[in-house]
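Since the structure of chain A is already known, use the hints to place chains B and C on it.
Protein chains in written order, with our numbering: chain A, 1 to 341; chain B, 342 to 673; chain C, 674 to 955.
Among these hints, one or two may not hold up.
[What the hints assert, rightly or not] Covered, in the sense of this in silico footprint (three residues per stretch, anywhere, with C-beta under 8 Å from a C-beta of chain A), are these stretches of chain C:
| id | region |
| --- | --- |
| 1 | 730 to 740 |
| 2 | 782 to 795 |
| 3 | 915 to 928 |
| 4 | 936 to 944 |
Don't read these hints as lab results, they were simulated from the structure. From the three backbone atoms N, C-alpha and C, an ideal C-beta is built for every residue, glycine too.
Given next are the chains, with one letter for each unit.
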Amino acid sequence: MSKLHVTILKRLGWALVVLFGLSVIIFSLMRIIPGDPARLALGPTVPEEIVEQYRERMHYNDPLPMQYYYWISGVVKGDLGASTVTHRSVTRDFAEFLPATLELVIWAGIPPIFFALLLGVLGAMYNNRWPDYIIRFSSYIIIATPAFVWAVLFLLIFGYWFPILPSIGGRISMGYSVPPVTGLMVLDALIDGQPAAAWDAFLHLLLPSLALALGHTMQEARLTRSYMLENAGKDYITMITSQGVPREVINRQFLLKPSVIPTVSIMGLDIAAIFGNAFLVETIFNWPGISRYAMNAILGKDINAVCGVVLLLGVIFILTNLLVDIVVIMLDPRMRQSRSK
Amino acid sequence: MENMDNAQKDTILEVKDLTVSFDVYGRISHVLDGISFKVKKGERVGLVGESGCGKTTTLKSVLNVLPKNAKINRGEVLFEGKNVFEMKDSELAAMRRTGAGMIFQDPSSALNPVFSIEKQFITALKYAKPNNTPTKELYDIAVEALNNVMLPDPERIMKSFPFQLSGGMKQRVCIAMTIAAGRQLLLADEPGTSLDVTIQDQILRLINKLVLDNHLSVIMVAHSLGVIRESTSYVNIMYAGTVVESGKTYDVFQNPRHPYTVALMSCVPKLTGEGIAKGIPGRVPDYMAPPKGCRFSPRCPYAKEVCKAEKPQHLEVSPGHWVSCYFANEVI
Amino acid sequence: MEALKRNWLKFSESKISVIGLVIVSAFLLLAIFGKYMVPYPEHIGSYVDFANAGLAPSSKHLCGTDLMGRDIFSRIIGSFRNTLLMGVIVLCISAPVGFIVGVIAGYNKGKLIDTVLMRITDIFLAIPPLVLALAIASVLEPNLTNSMLAITVMWWPWYARLSYGVTSSLRSENYIIYAELVGAKLPHIIFKEILPNCLSAVLTKMTLDMGYVIIMGATLSYAGLGEQAPKPALGSMISSGVKYMPGQWWLTIFPAIAIILIVLGFNLLGDGISNMLGTEEN
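Okay, chain A solo, but in the shape it has when bound (with noise of 0.2 Å):
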């Protein structure tokens, strides 16, 4: 399989060009704001000499270039300066509230995969009949709702009409003690053997995942839906039909396969997509994640932090695309090498 393993690795090497571009392009949006970085950071109250200590420091005098270089060479090193808002160093805001994203991440990316696929192929099977009018229906109307407008139906309707569900409580109810180990709550709850705790932290998980889900689970249910019906038309499906195999085998594997693997590039995408559509969810909901901090970065014109985050986000998302390339290659063996035939 070393084809397979070359494949993987100018993937890999184009992930890191393009980071680098992702870095330049955010170095210039740092740089592009008007005003005094350092005057910014210290505040109007400081003397001239010591912004001026601090503009040396910093290198801001530099030309941009070497700024540049002494900047990529903090953020290689883990230091993506300091915010103005928590004046805290970046990176250790981030240990704090990305593990908090990433779990409400996980959450609203992979159990729908499932979600997705099952619709898909249930409005394929039932094509045309009631089953699928309703799928096709509801997918409609949820699709065109952004994450956000589900979040806050979601507080209206299970936060205040009928409060079954934890809303804005953060991520467990007071009470509840968990260590961090991997910071994803329910996780850890487990690992400390808290099962209650880990339901609990789960219910706190669920008005989010759900309003971050709802949009690309439905998305995914119809194009799997549609692939599958392309597809059940193809001569490939006619000839294993005409050849006798039972129809149960067909749909599910040799229809199923072809149908899904132009989907998963699609949920590769939708759930690094998950992380921008995050910073709503999290700000509705008061959710402890590195979106709702970079939110308030964002407002608070923290450079550091709003770069720091972009910065991260862009890592997160050209590593999952990466990933998901990879699943890709493995599912679809004309992936695998380059045509030599």
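Showing chains B and C alone in chain A's frame:
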């Protein structure tokens, strides 16, 4: 009576008055109109006609794998005496697994792109052979079948994916899959058309050989008369969803009686250099609004009023040689 | 005329697509003429009437009033204009720009310019969409123009990818080579040969994108980065109302419903268009 019984036992497939239409976004396309022909055991029957005349639809009807928007308006397809459209699921499955099999025109689209040949072949065999046949045995059968179709290094082929094989190789794989299960009737839908001319020749020879070796019956669909001449003993000439002439290949070629067949024969450029071939003026009819009478009448140079009004019956111009034309005995 | 009728028949086969068309047409109509049709046109924009602030929906105020006393229904309709403007401008800039970049890259497939252009495209695609838009919008003043700019910057790569795919696969087609041999210049080739082939994909994408751009715009304005009060914008209306849930739910629910309906309309319309143009290819 006994003769008839014997004759029936002799016939592996009988298509009677097959009439099929397709629902295309609300409009009906009347593709097949009263197709009838027989295939005896061990016989090689040809089905010739222009593209779009319904040959593939006919084949798909035999296996009952027509698309969802197809409707059987009239007619029957009797495989070993039983009507394919009325078979129980188990009977239909049995027919597809060990009775009849199809070789598709384009092997590239007939093979599932994301599964290995091994997976596809073994799955196909699994249901054709008795239950609980061990996978190893199925594998061996598959490898032997690949050998029989002259594929070198069958083990490597098994591990390959369709995109790694050439067109000719893929077609051989498809042929192997169809024959390995022990099917008695082969439905070959222009098996060489999508391939190189030289490869096409090889494939046709291969099919002929396998058919003769295994005493199989074949319906060979083609739009090339040359192929029919070489590979069949009986031929049905199709035009626009109807059979216009049928008979022993030799008879039909020697003595074509239907105006369409005559025109078809004269289209083929002759090596004796009798001049440039004439095309047949006119176009295939619109299947959404086909002519009431003989479907060839709009293009037929000898067409009379009666031709346009009512479909002609089949006339036997000589023993075993049938023509669907009012004036079969008079033309030429 | 025949072609038009035929296309309409194909399109109208799907009732859902027709619903989409109706919704979008209503949206367009209200966006253009809304000012003259709403019950309280002066409420669009700055207007203060604390006596009537925070009223629940009634026959006088279909969607209630907000905390400044403005009629929410009128403001929702009033926001359509800018919403439409945003969608149209973003797409009218990003689609052609992206398209041309993709065509140039695809046309010169294998050469340096191909690699450079597509790599730049990939970089932009690598950033989570919302993040880039937020980042750009955050460094600029929060207003309509800047949020349009932010969204445009992150939108064009998708069209580049689309046209790149079509162009590079057509590149080796014979009729392109013949056109070149005959001396056709690049613009001619682009418009006469390449464009018709991707037209259906591009049009479908543009229609569906309208929905996404609107969502993106609403998200930005929700975050405080787009249109701001007193100008009406669906996103900011929702954000300012969230705090007052559930008591004064109408502040958020009606703008939310408006967003859903509009996006739904474009999605349905886009599906219909793709069916109509897609089956044509069949």
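Hints and how they fare:
no.: 1; hint: 730 to 740; result: violated (count 0)
no.: 2; hint: 782 to 795; result: holds (count 3)
no.: 3; hint: 915 to 928; result: holds (count 6)
no.: 4; hint: 936 to 944; result: holds (count 4)
Violation of the numbered hints given earlier is confined to hint 1; every other hint is satisfied by the structure.
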